[in-house]
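Student: Protein chains in written order, with my numbering: chain A, 1 to 349; chain B, 1 to 357.
Just so you know, not all the hints are guaranteed correct.
[What the hints assert, rightly or not] Sample of chain A residues lacking proximity to chain B, with all beta carbon distances greater than 12 Å (derived): (1) W101; (2) A127; (3) A185; (4) A270; (5) S301.
[What the hints assert, rightly or not] BS3-like, lysine-lysine: derived pairs with alpha carbons at most 27 Å apart: (6) B/K131 x B/K219; (7) B/K193 x B/K131; (8) A/K252 x A/K194; (9) B/K136 x B/K105; (10) B/K219 x B/K6; (11) A/K108 x B/K136; (12) B/K255 x B/K183; (13) A/K50 x B/K222; (14) B/K131 x A/K50; (15) B/K136 x B/K2; (16) B/K183 x B/K193; (17) B/K2 x B/K219; (18) A/K108 x B/K105; (19) B/K222 x B/K6; (20) B/K255 x B/K31; (21) B/K136 x A/K50; (22) B/K31 x A/K108; (23) B/K136 x B/K222.
Hints in this document: simulated from the structure, not taken from any laboratory. Note that CB positions come from ideal geometry on N, CA and C, so glycine has one too.
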Amino acid sequence: MRQLSYAQAIREAHAQLLESDPRVLVLGQGLWSPWYAGSSLENLDRDFGKDRILDSPVSENAVTGMAIGAALAGMRPIVFHPRMDFMLLAVDPIINQAANWSYLFAGKVTVPLVIRAVINRGGEQGAQHSQALHAMFMHVPGLKVVMPSTPYDAKGLLMAALEDPNPVLYIDDRWLYAETGGVPAEAYTVPLGKAAVRRTGADITLIGTSWMAAESLRAAALLEQEGIDAEVIDLRTLKPWDRETVAASVRKTGLAVVADSGWRTAGAAAEIAAEISELAFQELRAPVGRVTLPDVPAPTSREEEKAYYPVAADIAAAAWMALEWDAQRQAVPVPNVTGNRKQRAARTA
Amino acid sequence: MKCSTKWYLERWQIMTLIRRAEEAVAEMVEKAEVGCPCHLCVGQEAVAAGVCAALTPEDTVWGGHRSHGHYLAKGGPLEGLFAEILGKATGCAGGRGGSMHLVAKEQGILGTVPIVAGTVSLAVGAALAYKMRGEKNVAVAFFGDGTLEEGHVHESMNLAALYRLPVIFVCENNLYSSHMHWKLRRVADNLHKAGEFHSVPGFRLDGNDVGAVYEATRKAVKRAHAQAGPTLLECRTFRWRGHVGASYDLDVGVKRRGELTGWMTQDPIRRVADYLIDHGVADLAAREQAIARQIDRAMQAARQAPAPSPTRLGQFVYAAAAGANAETAGANQADGSNGAIPSAHRQAALAEVLCAN
Ligand SMILES: Cc1ncc(C[n+]2csc(CCOP(=O)(O)OP(=O)(O)O)c2C)c(N)n1
Ligand SMILES: [Mg+2]
Numbered sequence: 001m002r003q004l005s006y007a008q009a010i011r012e013a014h015a016q017l018l019e020s021d022p023r024v025l026v027l028g029q030g031l032w033s034p035w036y037a038g039s040s041l042e043n044l045d046r047d048f049g050k051d052r053i054l055d056s057p058v059s060e061n062a063v064t065g066m067a068i069g070a071a072l073a074g075m076r077p078i079v080f081h082p083r084m085d086f087m088l089l090a091v092d093p094i095i096n097q098a099a100n101w102s103y104l105f106a107g108k109v110t111v112p113l114v115i116r117a118v119i120n121r122g123g124e125q126g127a128q129h130s131q132a133l134h135a136m137f138m139h140v141p142g143l144k145v146v147m148p149s150t151p152y153d154a155k156g157l158l159m160a161a162l163e164d165p166n167p168v169l170y171i172d173d174r175w176l177y178a179e180t181g182g183v184p185a186e187a188y189t190v191p192l193g194k195a196a197v198r199r200t201g202a203d204i205t206l207i208g209t210s211w212m213a214a215e216s217l218r219a220a221a222l223l224e225q226e227g228i229d230a231e232v233i234d235l236r237t238l239k240p241w242d243r244e245t246v247a248a249s250v251r252k253t254g255l256a257v258v259a260d261s262g263w264r265t266a267g268a269a270a271e272i273a274a275e276i277s278e279l280a281f282q283e284l285r286a287p288v289g290r291v292t293l294p295d296v297p298a299p300t301s302r303e304e305e306k307a308y309y310p311v312a313a314d315i316a317a318a319a320w321m322a323l324e325w326d327a328q329r330q331a332v333p334v335p336n337v338t339g340n341r342k343q344r345a346a347r348t349a
Numbered sequence: 001m002k003c004s005t006k007w008y009l010e011r012w013q014i015m016t017l018i019r020r021a022e023e024a025v026a027e028m029v030e031k032a033e034v035g036c037p038c039h040l041c042v043g044q045e046a047v048a049a050g051v052c053a054a055l056t057p058e059d060t061v062w063g064g065h066r067s068h069g070h071y072l073a074k075g076g077p078l079e080g081l082f083a084e085i086l087g088k089a090t091g092c093a094g095g096r097g098g099s100m101h102l103v104a105k106e107q108g109i110l111g112t113v114p115i116v117a118g119t120v121s122l123a124v125g126a127a128l129a130y131k132m133r134g135e136k137n138v139a140v141a142f143f144g145d146g147t148l149e150e151g152h153v154h155e156s157m158n159l160a161a162l163y164r165l166p167v168i169f170v171c172e173n174n175l176y177s178s179h180m181h182w183k184l185r186r187v188a189d190n191l192h193k194a195g196e197f198h199s200v201p202g203f204r205l206d207g208n209d210v211g212a213v214y215e216a217t218r219k220a221v222k223r224a225h226a227q228a229g230p231t232l233l234e235c236r237t238f239r240w241r242g243h244v245g246a247s248y249d250l251d252v253g254v255k256r257r258g259e260l261t262g263w264m265t266q267d268p269i270r271r272v273a274d275y276l277i278d279h280g281v282a283d284l285a286a287r288e289q290a291i292a293r294q295i296d297r298a299m300q301a302a303r304q305a306p307a308p309s310p311t312r313l314g315q316f317v318y319a320a321a322a323g324a325n326a327e328t329a330g331a332n333q334a335d336g337s338n339g340a341i342p343s344a345h346r347q348a349a350l351a352e353v354l355c356a357n
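Could you build the full structure based on these sequences and the hints that come with them?
Tutor: Take a look at the structure:
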């Protein structure tokens, strides 16, 4: 298959959407310069005109409200926030308006809108230029949240998000922009709400979001060297997330680690872990591990950044913890009971 | 007054309908028949009636918490309003919204919501859609004087001016933002100048003069059609009732009887009625009775309408994809439960249905 970078794939999705649907417009900051968006929007203004690619003033709130109004009036806008941190000024139109509109008006008027937000971490930028806030938006009924981790999904999920009649928050991570992968030249969609099993394995399930899905794959490679066969699931959509695929995997392996690029408390990983404990309680043999940022704002200095952002080795370590837990529990002698009953007995012992 | 007697009679009709409808709502509020917060525009009817007289059905108007008048003046069905206020399934928003969330898509109302300033930028976005599609529509953002205190209203004015969008900002300056008189909120009485910095021309009008409001709106529409951009209209008026609910002079602890009495002599409906009587219209009393009957009928129908079924609690959280069945895509609680305390598994299953796209 033809290889494209993640950023090129995003750009191609935009171009094909703009090409095929006159209702599509892009609105937000940094559309006429690679400064904010890398090559992910390169020359769209040249190819589609500055009337459809509107590089806006620094007005996140009103620009997002405008995109909602345009959607209500029949357009298919993509509103762009070059950093998720800046999008905080637009939380009111996103949550109060876009998310609630369909429900409030009994489906008579709906908001088909893509809100694109970029996570742009590291690089000694510090706390206000590094935040991964997807969990806040997962919390809100009426929003959908996607976080592609591969070039293929970056294109397919953007096209699916635009097709969807709801407000969809599309979150891409600058760390992924240079990753390359196969991307079909024609238009296609990746269904919202469907996870991807990136690697099958029997011993433990690693569930990753966005960049951490890529790190989970690297963690699986580390574990393989130690003879551990990990299954890796890339969640791709965080709301609605694919409980079925995750539950089926954990029911099979009995162990799970969730790796997410957000904070720990009330984070995406917490939500997924809680659901796993309900959906696979019978089969689960150790607490669901979480690999997240510590509950600390992003630091600035390079040395602190290194300590701050978890990597594949941290995921592998969390996997070892679960495996260790399981092994110790298995070692507890519980005569004449087998399977799940044995585990439960061990727990109460 | 430049408009014809017939024109004034039509405005009198719509203003009287708004007034009587709101008085009926006030009665229901007093009797606690209505549970949702109702913000009445009694005293301010000329703004809605004057602005909407200059609009086509395709033009959209956007409002806030005090939008009964906007809804009716733009042609929203009366029964849908009453039923919505009573939380009935036949309400304009299916009983989901109540007084503060009104919708009438065919009449150009795509939603009014009570987050102060919540729809101002949305109106600008609708105007962007009209401009991009080369349509002649305009979008009108109705809002109060307090709304100009929100920062993104200024962002919105700049964006509308920058993109030369066909939008009209209509500020209904009733001098109060809930319990706060403007003097407690601003140093100068100059709201019509709020757009100056953004190159949005602003005009101060007598908001109780329906003809003046209409004329000013017509000019703003012309300007919008000429792709010259937005206009701000500051319509000076006064709400007779309290900020919310039915009471008159006692407004969340504010005593303002003197001020109110003065403004009641400026009753926008009385002013038109006087003009009509001067111009030989003799049947206003009969017309008023007809409006009262219309209101009674609509109210009866609304009262008798069914409440929304709690089994549909989760419906419409998400819009259904084109071609999908809206009834089932949004529906949940297929098991017939009311969803109030779903078990974990039901909740999970439920969310899957809700989120189906
Ligand atoms: C964002 C937000 N802040 C505060 C409120 C509470 N609130 C409701 S109405 C209102 C006053 C608005 O005054 P104004 O814009 O003058 O409209 P009026 O009520 O006079 O019609 C306030 C502060 C709100 N609904 N939304
Ligand atoms: Mg006011």
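Student: Run every hint past the structure and note whether it holds.
Tutor: Do the hints match the structure? See the list:
1. W101: violated, 6 Å
2. A127: The assertion about A/A127 holds, with a minimum of 23 Å to chain B.
3. A185: For A/A185, whose nearest Cβ neighbour in chain B is about 25 Å away, the distance exceeds 12 Å, so it holds.
4. A270: holds, 15 Å
5. S301: holds, 34 Å
6. B/K131 x B/K219: holds, 18 Å
7. B/K193 x B/K131: Within the cut-off at roughly 25 Å; holds.
8. A/K252 x A/K194: holds, 19 Å
9. B/K136 x B/K105: Answer holds: B/K136 to B/K105 is near 18 Å, not above 27 Å.
10. B/K219 x B/K6: holds, 21 Å
11. A/K108 x B/K136: holds, 24 Å
12. B/K255 x B/K183: holds, 15 Å
13. A/K50 x B/K222: holds, 26 Å
14. B/K131 x A/K50: Holds. B/K131 to A/K50 sits at ~14 Å (cutoff 27 Å).
15. B/K136 x B/K2: holds, 25 Å
16. B/K183 x B/K193: Roughly 16 Å between the alpha carbons, so the hint for B/K183 and B/K193 holds.
17. B/K2 x B/K219: holds, 14 Å
18. A/K108 x B/K105: Satisfied, since the Cα-Cα distance of roughly 8 Å is no more than 27 Å.
19. B/K222 x B/K6: Measuring from Cα to Cα gives roughly 23 Å; hence the hint holds.
20. B/K255 x B/K31: holds, 23 Å
21. B/K136 x A/K50: Measuring from Cα to Cα gives roughly 21 Å; hence the hint holds.
22. B/K31 x A/K108: violated, 31 Å
23. B/K136 x B/K222: Distance of about 10 Å is within 27 Å: holds.
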